Amino acid sequence: MGGLIKSSIARKVAMALSGLFLVFFLLQHFTINFTAVFSPDIFNELSHFMGTNPLVQFALQPVLIFGVVFHFVMGFVLEIKNRNARAIKYAKYNGGANSSWMSRNMIYSGLVVLAFLGLHFYDFWVPEIVHKYIEFAPEDPTRYYTELLHKFESPVRTGLYVLSFVFLALHLWHGFASSFQSVGFNNKYSSAATKFAKVFAIGVPLGFVIVAVVLHFTH
Amino acid sequence: MSILDSKIPEGPLADKWTKHKNTINLVNPANKRNIDVIVVGTGLAGGSAAATLAELGYNVKTFCYSDSPRRAHSIAAQGGINAAKNYQGDGDSNYRLFYDTVKGGDYRSREANVHRLAEVSGNIIDQCVAQGVPFAREYGGLLDNRSFGGVLVSRTFYAKGQTGQQLLLGAYSAMNRQINRGKIQPFNRHEMLDLVKVDGKARGIIARDLVTGKIERHSAHAVVLASGGYGNVFFLSTNAMGSNVMAAWRAHRRGAFFANPCYTQIHPTCIPVSGDHQSKLTLMSESLRNDGRIWVPKRIEDAEAIRAGKLKPTQLSEEERDYYLERRYPAFGNLVPRDVASRAAKERCDAGFGVNKTGEAVYLDFASAIQRYGKEKALTSGIHDPSPDKITALGEEVIESKYGNLFQMYEKIVDENPYVTPMMIYPAVHYTMGGLWVDYNLQTTVPGCYAAGEANFSDHGANRLGASALMQGLADGYFVLPYTIGDYLSHDIRTGKIPTDTPEFDQAEKEVKDRIDKLMNGSGQHSVDYYHKKLGKIMWNKCGMSRNEKDLKEAIEEIAVLREDFWKNVKVPGSKEGMNPELEKAGRVADFLELGELFAKDALHRNESCGGHFREESVEQSGEQKGEALRDDKNFKYVAAWEYKGEPKDAELHKEDLIFDNIELKTRSYK
Amino acid sequence: MNLTLKIWRQSDANSKGKLVDYNISGVEGDMSFLEMLDVLNEDLVNKGEEPVVFDHDCREGICGACSLQINGEPHGPDRLVTTCQLHMRKFNDGDTIYIEPFRAKAFPVIKDLMVDRASFDRIQQSGGYISVNTSGNTQDANAIPIRKEDADDAMDAATCIGCGACVAACKNASAMLFTSAKVSQFALLPQGQVEATERVMAMVNQMDEEGFGNCTNTGACEIECPKGISLENIARMNREYMKASMKG
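Protein chains in written order, with the numbering used here: chain A, 1247 to 1465; chain B, 6 to 676; chain C, 5 to 252.
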């Protein structure tokens, strides 16, 4: 990893690539979750596949975890470096005049998302691992939908979930489009790519929110 | 009287430079490593000279008052750089460039120098392109040219309206390469305060570190002054705020003759002064006169009404306007040379026809160009019976594509839309043709002290043509000085390092420190700017666009009185240790107060009108040229080089007779 | 108009500075921002106080010497101008104006509002040039045709005046816009190709060593740049850097 972060541009590109990877994961996650709204069976089937397929479990899952950890560790490293680059702050700084709130506050939107991920691990991933690899409980391919419903029973939990995804949207609003620039993609197709990224940044988190809200109110 | 040897090589004009280069002494590469050269000023001339000298192997130290060489005022040149490349196939040649420059300079420059300038002009463009200077190109990928005033060919290379910037960044990048190699040691935020002579030769300088205030000694085998012009003696000019004459003036006081100080270029198209708070003037490119028509109201009542804000220029009909350049100079019209256009504007304003609140502005009107281009555009785009509004809109589009950035700059500064209301312009001090006297090798009268670029007097005579300043600066720095200086340095290969702990350095440092103490210990009645503005007023009113004996004599007296008052009563706050811009300004103004007097003395002695120097006593009395400038070749066909003798008014005149073997002297006529 | 100025005063690099209030009256709309400060300074000098120190020179927006963070923005609220071209008509009677130096670790304060931007010079010295000697025998300028579009893009990048507004505006004090403008100019021209790999590596390394922050693509630099240098240059530098890294 030393080589990857040896220069500011390398760090920036690494940040963009890990971000793009997570965006891709998010899309896949969203697709599976969204099936829960219209077909508990498909949802169970896909979840069962993801939860038990060895390739997913032992190859993709570690890569994903690495991606997440890398992205947020790097985020912290960059934030600290960037703060050091301006030791004395401005008494008056009018950032709103030249940049969006989202672009200036990636660390905060990122921290909220990270907090949610903590919750998600505690809530979902840890019990899953315990269930599968420590207790070796027998697999029930239809358990996933019921468990999902259970998660969205509490209005507080659902509210937190919705809030987290609002911050994810803010994070993606800047981050996704920005990653194109970081990897050097800035040409006549850029404005179309940016539009797509912005639609994605709103659409996907909104989709997650819809799943949560629908399940909360219909069950 | 004449002890001036210009050292022009023998032989036919076109062969002089080649022959000279082939016969002068060289320094072998191993010896160059033992030779130090100081370059003061890092604009086009200094930057290019420093880079080239370092490439050759000399150890170079550069000095500039800015925080970076890249900020030298060469950066502000807009229009372009001339070169006799003949890429347009319009019959250009070295001879034509030479001829145009000598004629444009009103036959007051040295033939051999100007021809050399023309010879190396093409190399400059090659060199700059190789460095990555992004000159404008045509769709075929080859370099584009535009034409400038006073010539009949297209030979001006340009990079948008920022040619000076791009050329300076080119020279700066060449410097950077040498800094990276350790061959140039840059001393930025340093100011040269004196020249040190040892055994009659220039052997170093005393400089002040502007950040710490420390006075430093720097020695070298030769000193190159490329410190620019002295237009700021007028306080208001298009020069940068820091542009000053200190380096050149200190050398003058140490024995370098100052040549033709009165030759000043006043540029006709600048944004007028808006009030007493004004700190500098902004130039609007000469190219605007291609399409703009210059006028004032015909009736003085209308001018008064406009000044009072009761009348708008657009309310005056064609018959009520006086297009005075077209009236006086039907052949050249609005495209007469800079000096002629400037004087004509002043004449109208002095007669009471000025159009802004101070009465010192004329109109530069694009309305007819907008209509003309609009109709053309409608025709070529196949629009039949276009409405007047449509024509105006189309015309404005064309004007915007040609001059958009200038119009935007005007609007930012003046807060008026120049597409709707005519621009207001007035002449302003822009460039000084005079400077340190140098021989063909660019050496001043102090052995080992060289001058390059605007700091010397050599190539522009009494008037400089547009796009020639950049050419001269780079020619001197890249292609002339690095070779001619070798001839001098070849005698220094056994000298060894010049020590700085000698009585000469002690003495020079003491004088510099005493002077600073004296400046710091004024009675504290008036600020430095107070004196600078007063000097500027005297210069502008009495040594400005038109000059006469009475005014000039008064100016000499008034400047001397002002200088005395300055030394007694100036107020410099803060301390001499550390950053103190007021102290820097004080030192510069002190020198301007001496130069101004010599300037007036030179203008007084030159009782002829030539180029930028117009004497009211020397005008054509009859015939078609009645009232126009009258040159006096019989009595004044020489360079006036002044030797310092204590007070500026006591300076001693030395003449270098100008010999024209290749060009016939003629009257410039624009009627 | 009458204004309240809150100006950063700091006597030298090692002292602590603070904001000091000044009231100024009789400011005219036609004055440039720096001329307004001239009036204040003339006043201070006449009162026997030390004038406010700030960098400035050409006062026509091209030398890049003037700086100033004005009400939280480099070169103030107007667009595509430097502080010397900012006019007081952009402000209103009774306004309070914060005037601070450009802030970055790589731009230490020298005095008051004047900062040391030598880090920019060192970035350029590390490789911002084409290695060609002044021989007088360089090949003819028209020997290599260059597409007009490339020449124009190179020119647009080359218009950078090195003022540091990009660094001052950036929340991370990143110098990517400045560095990329120079890298781009040469990357777009055939003359610049030979040293392209070494150039981008050296310049980026130097930029990092100077202590500038990282680019997070907020785009503030492009908005505040008085010369309108485009973010495309940063993308181009990123590409050039990746290309160079792969070459080793």
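Keep in mind that the hints are not guaranteed to be accurate.
Just so you have them, the derived chain C footprint on chain B, three or more residues with Cβ under 8 Å [what the hints assert, rightly or not]:
{"hint": "1", "region": "53–66"}
{"hint": "2", "region": "243–250"}
{"hint": "3", "region": "275–289"}
{"hint": "4", "region": "354–361"}
{"hint": "5", "region": "510–516"}
Hints listed in this document are in silico derivations from the structure and should not be mistaken for laboratory results. Given the structure is predicted, the values throughout are model-derived calculations rather than measurements. No residue lacks a Cβ here, since even glycine has one placed at the ideal position from N, Cα and C.
Structure versus earlier hints - violations, ascending order:
Hints 4 and 5 contradicted; others consistent.
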